[in-house]
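Using the hints, put the two chains back together into the complex; each one sits in its own frame.
The chain contents come next:
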Amino acid sequence: MKRRSFIKKSSLASAAAISIPFILPSGRLFAASGMRMADHVVLVAFAGGVRQQESILQRYLDDSQSYPSEGNILYNLFDGSAPTDKIVYGTNNIINGDTPIPQILSQTIQNQGTTFREVNASAVGHYAGVNAMLTGNYMYTQGLRNKPTMPTIFEYLRRHQGEKATKTWFIGNGIGNSIPLLDYSTHAEYGASYGANFLAPTITFGVDGEKHLKNAKVYHPEDELDPMYKMKYFLDNVWYSQGKALPNIGNTEEEKIQIKQFVKDMFDKTQAGTIAHPPVSDNGDLSTIGYACEVMQRFKPTLTVVYLSSVDSCHSNFSSYLGSLHRADHGVGHLWDYIQNNIPQMANNTTMMVIPEHGRNLDSNNIVDGNAFSGYDHSDANSRRIFSSIVGPGIDSNLSIGNENNQVGDIVNLTPTIAEILGCKDDVVNSGLVASSKSLFDLI
Amino acid sequence: MHIFNRFLVFIFTILIVSSCQKDDVVYDINQLQSSSYNANKNKLKSVGQYISIVYANLFQQALSSNELVEITRCIESIGDKEVAHEIVLSNFMNSQDVILPSDSLMRADLDVFLEESYRRFFVRDITEAEREFFLNFLNSNPNVSSEMVYMSFALSNEYQFY
Numbered sequence: 000m001k002r003r004s005f006i007k008k009s010s011l012a013s014a015a016a017i018s019i020p021f022i023l024p025s026g027r028l029f030a031a032s033g034m035r036m037a038d039h040v041v042l043v044a045f046a047g048g049v050r051q052q053e054s055i056l057q058r059y060l061d062d063s064q065s066y067p068s069e070g071n072i073l074y075n076l077f078d079g080s081a082p083t084d085k086i087v088y089g090t091n092n093i094i095n096g097d098t099p100i101p102q103i104l105s106q107t108i109q110n111q112g113t114t115f116r117e118v119n120a121s122a123v124g125h126y127a128g129v130n131a132m133l134t135g136n137y138m139y140t141q142g143l144r145n146k147p148t149m150p151t152i153f154e155y156l157r158r159h160q161g162e163k164a165t166k167t168w169f170i171g172n173g174i175g176n177s178i179p180l181l182d183y184s185t186h187a188e189y190g191a192s193y194g195a196n197f198l199a200p201t202i203t204f205g206v207d208g209e210k211h212l213k214n215a216k217v218y219h220p221e222d223e224l225d226p227m228y229k230m231k232y233f234l235d236n237v238w239y240s241q242g243k244a245l246p247n248i249g250n251t252e253e254e255k256i257q258i259k260q261f262v263k264d265m266f267d268k269t270q271a272g273t274i275a276h277p278p279v280s281d282n283g284d285l286s287t288i289g290y291a292c293e294v295m296q297r298f299k300p301t302l303t304v305v306y307l308s309s310v311d312s313c314h315s316n317f318s319s320y321l322g323s324l325h326r327a328d329h330g331v332g333h334l335w336d337y338i339q340n341n342i343p344q345m346a347n348n349t350t351m352m353v354i355p356e357h358g359r360n361l362d363s364n365n366i367v368d369g370n371a372f373s374g375y376d377h378s379d380a381n382s383r384r385i386f387s388s389i390v391g392p393g394i395d396s397n398l399s400i401g402n403e404n405n406q407v408g409d410i411v412n413l414t415p416t417i418a419e420i421l422g423c424k425d426d427v428v429n430s431g432l433v434a435s436s437k438s439l440f441d442l443i
Numbered sequence: 000m001h002i003f004n005r006f007l008v009f010i011f012t013i014l015i016v017s018s019c020q021k022d023d024v025v026y027d028i029n030q031l032q033s034s035s036y037n038a039n040k041n042k043l044k045s046v047g048q049y050i051s052i053v054y055a056n057l058f059q060q061a062l063s064s065n066e067l068v069e070i071t072r073c074i075e076s077i078g079d080k081e082v083a084h085e086i087v088l089s090n091f092m093n094s095q096d097v098i099l100p101s102d103s104l105m106r107a108d109l110d111v112f113l114e115e116s117y118r119r120f121f122v123r124d125i126t127e128a129e130r131e132f133f134l135n136f137l138n139s140n141p142n143v144s145s146e147m148v149y150m151s152f153a154l155s156n157e158y159q160f161y
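Same order as they appear, the protein sequences are chains L and A. Here the first sequence stands for residues 0 to 443, numbered as in numbering that gives the first Met the number 0. Here the second sequence stands for residues 0 to 161, numbered as in numbering that gives the first Met the number 0.
Isolated chain A, as found in the complex (with noise of 0.2 Å):
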């Protein structure tokens, strides 16, 4: 008998749950996921754009009108975009005011810092074949640094685009 009570208090029970649930609203329009692979980026950033924004990532702070105009210049004045991006990526590096993760809380725990990097850069999720490469590469190359993974996501191609 008071096993049978509880049978019927837990049947009540799930019946009220179940009873209070919404049904979810379907608009006939495909669910995008804003932050899923790609992000669906197709527009190439303007010079400006990509030094504004990779300025931000490594400094934390806006880069002044001044700056970004000189440093335009300094880009256009260089075929080679890759090795033009590079060297001012490279002078950046140098700075004592970049904000760069050590090295040693990059190797505590490389997931989440791969998570954020990919957050911070690409502005979407890891994928987990991606994370798979660079746990397998950070972990079979331990002196790689931060800077150096910072450097190749600032130098990549997705990341000119938006």
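Same shape as in the complex, but just chain L (with noise of 0.2 Å):
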């Protein structure tokens, strides 16, 4: 009799918890009706502000420096020949710079996936650019130092498709220029709880880290960590029924354990020199990739976004410059290669979008480095000139959309477009928070 009534109460209890959906955060039933084109997608904010001159256009110092040198410095993203004249760009050798960087594709990111040549970036702005680039938004209303107050794609990702924090990573090189603040935004309906996690990994596991991280204990899950959270949890709602709430991006118990673990890591393989790094790794971009596949290596995010901004020297030293952005394009090229070879759950099922956040002026400054090169800023129409490249499933070949006569796309197309291809652009489109309904895939 016993038997015969567990078995019915099991059976109803099993027939309950097939009946009874899982419901998203955001209130619905069930995941997006969106098809995913790739279920994992990576944005390299190729940032800090890149001239089509130099990149794109592959005019090398002929538009910049009024010198005759011609070719293509971004030889993993681009077709093209490089510069045979006056070599500034690679590592050292007999002078500063004069050995170019291996290329590391056999297929250039052009090749492979589709080229928009010319792109509106209305926004000149370090800060104001990427934050146009991860909410579809320009920041008419707010200003630096201030969280988005539109929600970012991190937080439409989460509450729209009920992804786990640890899917959400957002990787800066370096924590200035307000970078940090991009994690999530201020907006009632999204917030910090949608937020994703992000790391400086120059800084964390860089000096300060080491000398202030990399000794932490690892206390023991059961033993230590579950006694210290139910009195931290205890003192924690005593505080809620009286004091305010504090932003918290809602990763578990268990995916806080992983990061603490990720983290201790990562310290003992940058002791080891087993980071999985670029083949060259002589500044912080090509540091901040190393990590970025260690990221990806353990979490195996949904989204991915790297900060990249070592360009921005072009201020001052054009020379360092163009260096950075032959790094830059080393490390785009050593991104693409580590996940397609060294992430199975990733490979071939990974879209990667490369895109500068803003150009730079046409004129040059008065600022001249050791080469006698001009430096260029950032507030003119040149400026507002950038490119983007995608690659992955189901992202046609070896096609180039637009030209320099003939504008296709703008900076804010872009969290439609992310949000197209892991299958949310419904969501975030209906949001109406976002300037543009449209992808860049609408706009092909």
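Note that these hints are calculated values from the structure, not bench results. Each residue gets a CB set at the ideal place from its N, CA and C atoms; glycine is no exception. There may be inaccurate statements among the hints.
Below, computed lysine-lysine pairings styled on DSSO-like, alpha-carbon distance capped at 30 Å [stated by the list, open to error]:
no., chain 1, residue 1, chain 2, residue 2
1, A, Lys44, L, Lys263
2, L, Lys255, L, Lys216
3, A, Lys42, L, Lys146
4, A, Lys40, L, Lys255
5, L, Lys146, A, Lys80
6, A, Lys42, L, Lys437
7, A, Lys40, L, Lys299
8, L, Lys255, L, Lys268
9, A, Lys42, L, Lys85
10, L, Lys263, L, Lys213
11, L, Lys229, A, Lys40
12, L, Lys255, L, Lys229
Covered stretches of chain A (in silico footprint by chain L; criterion: 3 or more residues with CB under 8 Å from a CB of chain L, positions within the stretch not fixed) [stated by the list, open to error]:
no., stretch
13, 69-83
14, 105-118
15, 138-144
Computed, partial: chain A to chain L, Cβ under 7 Å [to be verified]:
no., residue
16, Ile86
17, Phe132
18, Asn135
19, Met147
20, Met150
21, Ser151
22, Leu154
23, Ser155
24, Asn156
25, Glu157
Take a look at the structure:
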């Protein structure tokens, strides 16, 4: 009799469990209806301000220093021959920068995917540009040092697709330019609880981190962390009854343990020299790329945003800018190669997008570097010109859209594009919070 | 007669004592207990304030300005602040200079330990409900150390406010 009762009850419980649907944080049942083009997106903010002239237009010194040397210094991204005269962007051999870094990809990103050659980016500040990239909005009503007022793509993804916090990562080259603020917005319907995990590995695993984070204890999950958290949660519950809540991106206890273990492991790998850095890793961007590879290897994120910024040296050192551009291309080549060859769960199932946050001026400033090259700021109409490359499953290969005389696309199309790839474009557009309902695919 | 005299002396003493009592001045404003429940904390500490204060609480000395900048940068480099704080604090706990009461001292008088912990971290008195929870919890979990209790206080949300 007892057995019969047990079977009856367990059958009812099973039926109930099956029939009660999963409720997403957005309050909707089940997952988004949109088909995913890929399960993972990696967005490389090829940032710091990149002129079209030295990047996609491949004019090297010809269109910046009045020196007749043209050629392609981003040969993992674009097809085209490298310059042959006055090479300053490589590694140091006989003279500074005279040895270009060997190409990583046998087939360029341009060849494998779709390139939007001339895209508009109206916000010509670093923070404003990346903000526009991640929110699909221009930040007309907010200043620097403020979190975005409109939801980021991380928040759309987590709210409407039910993604865990460790499935969205924002990895920055440093903590300047208010970059850490871009992990979530202050929007009332989204906000911290849908935010991404931010990491600035050059600091976390750099000199400061070595000194203040490396020797952290890893508490035993059951014997130490469990009672510790129980006491903390009691204190927090008492506080909530009278006090204010703190922003929390919602990593579960398990996810927090995973992140702490990741940090510990990265210190070990850094010490052992086994971080997945690119073959050449001599600046902050390339170091950041190496740790981004480790994050992807460990967490297999649905969305990873990698923010590079070394090219910002262009204000005062054009030679350094060229070197950083060349290294950013090397980093992108390594990232794509690493995903395809070292992370089986993401290989052939990842879309990568590469896009600067804004361009740079047409005319130089008065600052001259050691090679007598003039620097460039970012404030005029030329600063609003950028390119965008997309590669991955379902993306047309070797397709070029637009040209110097025909601008197609805007940086605010990026958020709907990522949403479309990950199957939640309708949710993003229907939120009414993005400046454009069109993805870059809609413009082809 | 003797009893009557003693009674008169008693009455006389009472009258003198009561006649000397001064009335409390009342200014018609609400009385506030500075160490009351939550102690009216409503401002979020900055990262720098949080680190300076927790360092002073754990090491009984001030943090150098260089280290303050370095630790602040470390915390800003990790998005989940709870994780960042836990890593920084557990790094503190690995230091030989951290000043913690021994577990035996804590267990010797839990009441005093809890009262001192609440004053040290929350700058307020413990409530009876809180005392009851902690006494029950610590008595039923004999392996919980003073370090774990201090970590829970230092990681709590109330400690983020002032």
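Right, here's what the structure says about each hint:
For the proposed pair A:Lys44 and L:Lys263, the alpha carbon gap of about 27 Å is at most 30 Å, so the pair holds. Note on L:Lys255 and L:Lys216: the hinted pairing holds, with a Cα-Cα distance of about 14 Å set against a maximum of 30 Å. Straight-line distance between C-alpha atoms of A:Lys42 and L:Lys146 comes to about 19 Å, which keeps the hinted pair within the 30 Å bound. Straight-line distance between C-alpha atoms of A:Lys40 and L:Lys255 comes to about 28 Å, which keeps the hinted pair within the 30 Å bound.
In summary, the hint linking L:Lys146 to A:Lys80 is supported, as the alpha carbons are separated by about 15 Å, within the 30 Å threshold. Taking the CA atoms of A:Lys42 and L:Lys437, the gap is near 42 Å; set against the 30 Å cutoff, the hint is violated. Among the hinted pairs, A:Lys40 with L:Lys299 is inconsistent with the structure: their alpha-carbon atoms are about 41 Å apart, more than 30 Å. Of the pairs offered as hints, the one joining L:Lys255 and L:Lys268 holds, with about 20 Å between alpha carbons and a cut-off of 30 Å not exceeded.
With a C-alpha separation of about 58 Å, the suggested pairing of A:Lys42 with L:Lys85 is violated against the 30 Å cut-off. Distance check on the hinted pair: L:Lys263 and L:Lys213 sit about 7 Å apart at the alpha-carbon level, within 30 Å; holds. For the proposed pair L:Lys229 and A:Lys40, the alpha carbon gap of about 23 Å is at most 30 Å, so the pair holds. With a C-alpha separation of about 15 Å, the suggested pair L:Lys255 and L:Lys229 falls inside the 30 Å cut-off, and the hint holds.
Counting residues of the stretch 69-83 of chain A whose CB lies closer than 8 Å to any CB of chain L gives 12, which reaches the minimum of 3, so the coverage claim holds. Coverage of a stretch by a chain is defined here by at least three residues with a beta carbon nearer than 8 Å to that chain's beta carbons; for the stretch 105-118 of chain A and chain L the count is 0, and the condition is violated. Counting residues of the stretch 138-144 of chain A whose CB lies closer than 8 Å to any CB of chain L gives 3, which reaches the minimum of 3, so the coverage claim holds. Residue-level restraint check for A:Ile86 holds (minimum Cβ-Cβ distance to chain L is 4 Å; threshold 7 Å).
This hint holds: A:Phe132 has a C-beta 6 Å from the nearest C-beta of chain L, less than the 7 Å allowed. Interface hint at A:Asn135: violated, since its Cβ lies 11 Å from the closest Cβ of chain L, which is beyond the 7 Å cut-off. A distance limit of 7 Å between C-beta atoms decides the matter here; for A:Met147 the minimum to chain L is near 5 Å, and the interface restraint holds. Checking A:Met150 against chain L: minimum C-beta separation of about 5 Å stays under 7 Å; hint holds.
For A:Ser151, the interface hint holds, since its Cβ comes within 7 Å of a Cβ in chain L; the closest pair sits about 4 Å apart. Hint status for A:Leu154 relative to chain L: holds, with the closest Cβ pair at about 5 Å, below 7 Å. Against a cut-off of 7 Å between C-beta atoms, the interface hint on A:Ser155 holds, since the closest Cβ of chain L lies about 4 Å away. The restraint placing A:Asn156 at the interface with chain L holds, with a minimum CB-CB distance near 5 Å, inside the 7 Å limit.
For A:Glu157, the shortest C-beta to C-beta distance to chain L is roughly 4 Å, which falls under 7 Å, so the interface hint holds.
The earlier numbered hints that this structure contradicts are 6, 7, 9, 14 and 18.
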